[in-house]
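**Student:** Okay, here's what each chain looks like letter by letter:
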Amino acid sequence: MKRFLRDNGLSLVFGVLCLGALAGQAWSGLAAFNDRQLTDGGTPISLLEYVSSADFAVDVAENWQSEYLQFFLFVMATVWLIQRGSPESKPPEKIGRETDEQQQLGTFATRESPAWARAGGWRTAVFSRSLGLVMAGIFVLSWLAQSIAGRAAFNTERLIDLQDPLSWTAYVTSSDFWNRSMQNWQSEFLAIGSMVILSIYLRERGSPESKPVGAAHTVTDETG
Amino acid sequence: MLRGRTMFALYLVFIIAALGLMIMAGVLHR
Chain A
10 MKRFLRDNGL SLVFGVLCLG ALAGQAWSGL AAFNDRQLTD GGTPISLLEY VSSADFAVDV
70 AENWQSEYLQ FFLFVMATVW LIQRGSPESK PPEKIGRETD EQQQLGTFAT RESPAWARAG
130 GWRTAVFSRS LGLVMAGIFV LSWLAQSIAG RAAFNTERLI DLQDPLSWTA YVTSSDFWNR
190 SMQNWQSEFL AIGSMVILSI YLRERGSPES KPVGAAHTVT DETG
Chain B
424 MLRGRTMFAL YLVFIIAALG LMIMAGVLHR
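The listed protein sequences correspond, in order, to chains A and B. Per our numbering, the first sequence runs over residues 10 to 233. Per our numbering, the second sequence runs over residues 424 to 453.
If you're looking for bench data, these hints aren't it; they were derived computationally from the structure. Please note that a few of the clues may not be correct.
[As the list claims (entries may be wrong)] Think about it this way: if two alpha-carbon atoms lie no more than 25 Å apart in a straight line, the pair counts; the simulated SDA-like pairs of lysine to any residue are:
#1 Lys11(A) to Ala432(B)
#2 Lys11(A) to Ala440(B)
#3 Lys11(A) to Thr429(B)
#4 Lys103(A) to Asn72(A)
#5 Lys99(A) to Phe198(A)
#6 Lys11(A) to His452(B)
#7 Lys103(A) to Lys11(A)
#8 Lys11(A) to Gly427(B)
#9 Lys11(A) to Arg428(B)
#10 Lys103(A) to Glu121(A)
#11 Lys11(A) to Leu433(B)
[To be verified] Output of the computed footprint for chain B on chain A, the stretches with three or more beta carbons under 8 Å from beta carbons of chain B:
#12 16–26
#13 33–40
#14 157–163
#15 212–222
No residue lacks a Cβ here, since even glycine has one placed at the ideal position from N, Cα and C.
Full structure from sequences and hints, please.
**Tutor:** Okay, here's the thing in structure tokens:
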């Protein structure tokens, strides 16, 4: 058990932080929602009603989609683009998909290589892209969830103002949908760019996201 | 190895289940 906790510290801590923040979002979101209900002459709702509402779902989904878009783009962009001096980048001579030798594929696979890496054919082709595919898949699903829940929540607001509800196609071209998307995207892109560029000249001793403290600013692709 | 897979499966199940619930919340919204 102790060993399990140590070996999975990162995923456990961030999982618990996520659930805690989600609970905080539910609690504070309910208070804000009920404030609006009262000023609009409506009746307050329960926590259970709020966490199963489209209002809560769209707020969660719009943040999720942007995070998965961010990591999907980062995973894909770092195959083809480099940043000289950044520990998040590989060196210029490795730009692209790299050789089978570098990727331990085909005759270069070892006995410890995953079965789908040793299989060859379509299995290896799929497995070679599985991280990007899954991140992209979760992004598309979250963005879809944002559009469906966002439309439902937006239409409730419109009905209160005695306006016609929007169809799904009208909603995905609406300013509400794109404003929610863009305000999340801009911060994610800035964060990725900052991480890439700040890690050239700044260090965090012991972090694999940083270069070793004594590494030269010009060194690319080193972790310490 | 198996223990690493426990967290891998937990994360994927949580993400897919939560996305399903968010989509349902939007579809079933009255």
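**Student:** If a hint holds in the structure, say so; if it doesn't, say that too.
**Tutor:** Here's how the hints hold up against the structure:
1. For the given pair, Lys11(A) sits about 20 Å from Ala432(B) by alpha-carbon distance, which is consistent with the 25 Å threshold.
2. Note on Lys11(A) and Ala440(B): the hinted pairing is violated, with a Cα-Cα distance of about 28 Å set against a maximum of 25 Å.
3. Of the supplied pair hints, the one linking Lys11(A) and Thr429(B) holds, its CA atoms being roughly 15 Å apart against a limit of 25 Å.
4. Only pairs whose Cα atoms come within 25 Å are accepted, and Lys103(A) paired with Asn72(A) is rejected, the gap being roughly 33 Å.
5. A distance of roughly 19 Å separates the Cα atoms of Lys99(A) and Phe198(A); the hinted pair therefore holds under the 25 Å criterion.
6. The hinted pair formed by Lys11(A) and His452(B) fails the criterion: a straight-line CA distance of about 44 Å is larger than 25 Å.
7. Our distance criterion of 25 Å between C-alpha atoms is broken by Lys103(A) and Lys11(A), whose separation comes to about 39 Å.
8. For the hint pairing Lys11(A) with Gly427(B), the CA-to-CA distance comes to about 14 Å; that is within 25 Å, so the pair holds.
9. About 17 Å separates the Cα atoms of Lys11(A) and Arg428(B), which keeps this hinted pair within 25 Å; it holds.
10. Only pairs whose Cα atoms come within 25 Å are accepted, and Lys103(A) paired with Glu121(A) is accepted, the gap being roughly 24 Å.
11. About 19 Å separates the Cα atoms of Lys11(A) and Leu433(B), which keeps this hinted pair within 25 Å; it holds.
12. Counting residues of the segment 16–26 of chain A whose CB lies closer than 8 Å to any CB of chain B gives 5, which reaches the minimum of 3, so the coverage claim holds.
13. For the segment 33–40 of chain A, the stated coverage by chain B is violated: 0 residues have a C-beta nearer than 8 Å to a C-beta of that chain, whereas at least 3 were required.
14. Remark: the segment 157–163 of chain A is confirmed as covered by chain B, as 6 of its residues place a Cβ nearer than 8 Å to a Cβ of that chain, reaching the required three.
15. Remark: the segment 212–222 of chain A is not confirmed as covered by chain B, as 0 of its residues place a Cβ nearer than 8 Å to a Cβ of that chain, below the required three.
Of the numbered hints listed earlier, those contradicted by the structure are 2, 4, 6, 7, 13, 15.
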